[in-house]
Amino acid sequence: MDERPVSPALKIAAGLMFLFLLAPLLVVLPISFSGDDFMAFPPSSWSVKWYGAIFANSVMMNAFWISLALAFVVTVLSLGIGLPAAYALVRLKPPGAEALSNLFSAPLLLPTIVLGLALLLVFAPMGLIGSFQGLVAAHLIVTLPYAVRVLSTALANLPLTVEEAAGMLGARPLTVFFRVTLPMMRSGLVSTTALCFLVSFDEVVLSLFMTGPRLQTLPVAMYNHVDQQADPMAAAISVLLVVLTLAVVLVVDRTAGLTRTFVK
Amino acid sequence: MTSLTLCHAEPRRLGPLGTASALLLPIAVVNAIGFLWPVVNLLKMSFREAQASGALGAGYNLDTWTNALTDSFTLELITNSVGVSLLITVLTLIASYPIALYLHRSTGTWRTVLMVLVVAPLLTSAVVRTYGWIAILSDRGLVANALMALGMAEPPRLMFNLTGVVIGLTEILMPYMILALLSGFGRLDPRLEEAALTLGASPLKTFWRVVLPLTAPGMALGGLLCFVLAISSFVTPKLLGGGRVFLLATEIYDQAIVTLNWPLAAALSMIVLVVFGISLTLYARALRRIA
Amino acid sequence: MIHAEPAEMTRLAQGQGFLSLRGLTRRYDHFTAVDDLNLDVAKGELVAFLGPSGCGKTTSLRMIAGLVPASSGHIVVDGRDLTGVAPYKRDMGLVFQSYALFPHMDIARNVAFGLEMRKVPKAEAAQRVKEAIAMVRLTGREHHRPAQLSGGQQQRVALARALVVRPSILLLDEPLSNLDAKLRDEMRTEIRDIQKRLGITAIFVTHDQMEALTICDKVVVMNHGRLEQVGTPHEIYEHPKTAFVAGFVGRINRLSGRASGGVAQVAGITVSAPGFEGDVDVMVRPHRMVLSTGPAPADAGLHQLSGTVTRATFAGDILEYEVEAAGTLLKTEASTRGGEALLAPGTPVTLSWRPQDTFVYAAS
Ligand SMILES: Nc1ncnc2c1ncn2[C@@H]1O[C@H](COP(=O)(O)OP(=O)(O)OP(=O)(O)O)[C@@H](O)[C@H]1O
Ligand SMILES: [Mg+2]
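Going down the list, the protein sequences come from chains A, B and C. So the number in our numbering is just where the residue sits in the first sequence, counting from 1, plus 2. The letter at position 86 of the second sequence is residue 79 when you use our numbering, and the numbering goes up by one with no holes. So the number in our numbering is just where the residue sits in the third sequence, counting from 1, plus 106.
If you're looking for bench data, these hints aren't it; they were derived computationally from the structure.
Some chain A residues flagged as far from chain B (calculated, every beta-carbon gap over 10 Å):
{"hint": "1", "residue": "Asn59"}
{"hint": "2", "residue": "Thr177"}
{"hint": "3", "residue": "Pro215"}
Facing chain B, a subset of chain A residues (Cβ under 10 Å, in silico):
{"hint": "4", "residue": "Met41"}
{"hint": "5", "residue": "Ala99"}
{"hint": "6", "residue": "Leu111"}
{"hint": "7", "residue": "Pro221"}
{"hint": "8", "residue": "Thr247"}
Keep in mind it's a predicted model, so treat the numbers as computed, not measured. All C-beta atoms in this analysis are idealised placements derived from N, C-alpha and C, irrespective of residue type, glycine included.
Please put together the full structure from these sequences, using the hints given.
Encoded structure:
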């Protein structure tokens, strides 16, 4: 396809807006290498001491491990609950499948601030605030709709005849699912895993309602840290988080790319 | 020769409907406990008796609602939130449109690179991006230092006020707007534009009469998305506003966590939901008018 | 698993076929894709389903396979009613129109899948997979993925995968549609041989009448979801029961006429039309019309029409002519034995054919 000429005015406007869009991420990188004790831009000296500071900061390190464990558990549960649900909605099509599917995506429509409050009000009397289980439940409410959506789409895009062919060859429904359906859904499964993991790992608002003083996720710890003092350590953590996100995206792209080579 | 036995006896199994129900049970439980019940409970909470101590009374009444809807602070909160969100939506649209149009016209690897640049911020935590804005807007940040280097003695305050919140949120919501616009640009056939140009319309006129109307559905979708996200955003107003900017979302959090006035927090949440409903209706109407 | 009432069971058992379809019907909302299909297929028989696109061939096959529930009617195999039995318990093989290979498995594992499900011992399975792959001429491609094969190669894998398990009934949905003429010929014979050797009962869906006529024991012609005619290839070709069958199987010339008193007047000649009254369509196959120049061969037993050549085409084995006679364009052909000159347009000619090659149908 040949390039369509783009007017210089549009190029300049788009360039400036891109600069604006990327500005916060662009300034964070140099600040993370600041040698100053406080945040200033540009920094007056350079060092990697703030990266070291993260690993010496027990609050941040604890929060990191909690976020990691939380994202892991939430992702596993989302797949474990979302996959059967997607299968039932797409392949078994019970009466009212459409309505059910809408109901299961509804939590995404609710602003997280409202959902967070709603969960706080029911979880508090149950003693779930400040507990790992409470956090898992809260995150699951928002990751599950994503999981069901992505997995449903992946499933709906599979040619049904391939599964039928397996049935004709004598495979029972469960065998068909594990030997044919699941392997063909590989790229959908990878995307779902990545999406649930990132959503849970980055989630702030729900976590702010659910965490107590002794149990903080990394975004909550960062939020509290930035709220009190915006020192360059937050920049160093931000850079690490961006790198982590990029790594996840890269893995997904590689896997999806690999998948494309053998799924037509 | 091996063959499958025809019609051999099977233990009683679930029918397709039974299987579907069994597979849907877990998500139904999560949805009921984590969504339906809390939302119904939230509505009920807004009618609970609030006592000065922060404790809840046993009975139900309309006090919270009547207080909220007659209190000038709450009313200002609502109008402020709606106004600021509308402003942010318009600014996001203006900032995103050139990027989306440029993306729509670029091809190949270059387009992929630009798409990654648009989506990457979407995948980074709002805390990280807000922190970036603090680095740019604070007293010792990029803008202030640049202005001082240019000789300005007292650069304007860009943080801990509405300006900072608006700038930060505009940027944070841009990826959503760009993606919504792009989804609507599918109808924008380059040949249409070329046709208009060959018919003698100036480039500006072509944009105004052909490009803009065709991209209206994308703008409506992006507008809805940004408005809804702006009015419910919490982290950015809190951090960039520094407790000096009062919006619905921040107030809900404060009432729930700091003041412990749960009925009021619940009532404010319901107001947010009402605003949501209204904007959805307006969107549906706008879409019908465009179509 | 037998759903039929006792009285009905005896009726079902009376079908002579190994595979019997009884009033098989499939409705979609207000559209009937397959309408009251009745058919008996004997054990080891190869039956062709022939019909235009969208006439319900695939739907019939899928109902037999159990992939689509029948709206009404029964499928009986060996005296047992299979209505409602899950596909994986039917011991049928199906070659899909769209191949439906497993994209994540290589060719060998695709072919081995059915044997694995039947728990065939490893060594035997490996041997059978090897043979099946050799049969479809894909030896050496065992470890390719489906996406790395051409459409025709994928189609052959689908065939090998279905045949290797030696199902009691084999259903083939246009299994050769993507092959070139030579390979199609080979595979057709190969399918026929294997099917006969193993005594598999098979249904072969095709668009291609040549295919249906040459390899099948019986041909089923369908149109708009209904069965038009069942018969041996010879019966279908020589005695088409309906105008549709006459027109669909083989080429045909159509003339309009009027019938009364057991004969029909058409283009100035009289043909026998017992039992017809009013408007009729008279049909004759092009190559049964013999074209001659000069004075017409004086044979009182033949039907004859005079006309002029309007178009002449050299087509290699044959010469094709279009002749205008009595206001109708008729096609005919002459075989070339060498040396014949193509007749120029405008040449006056006579067309002659035997009365038994004349088909008469009520006008549609
Ligand atoms: N799921 C469905 N819903 C509605 N109509 C359907 C469905 N499946 C098939 N049909 C209709 O039933 C008719 C028969 O379809 P079928 O696939 O059996 O045709 P076919 O004879 O196999 O055609 P082809 O030779 O093109 O493969 C078609 O008109 C089709 O549109
Ligand atoms: Mg078909």
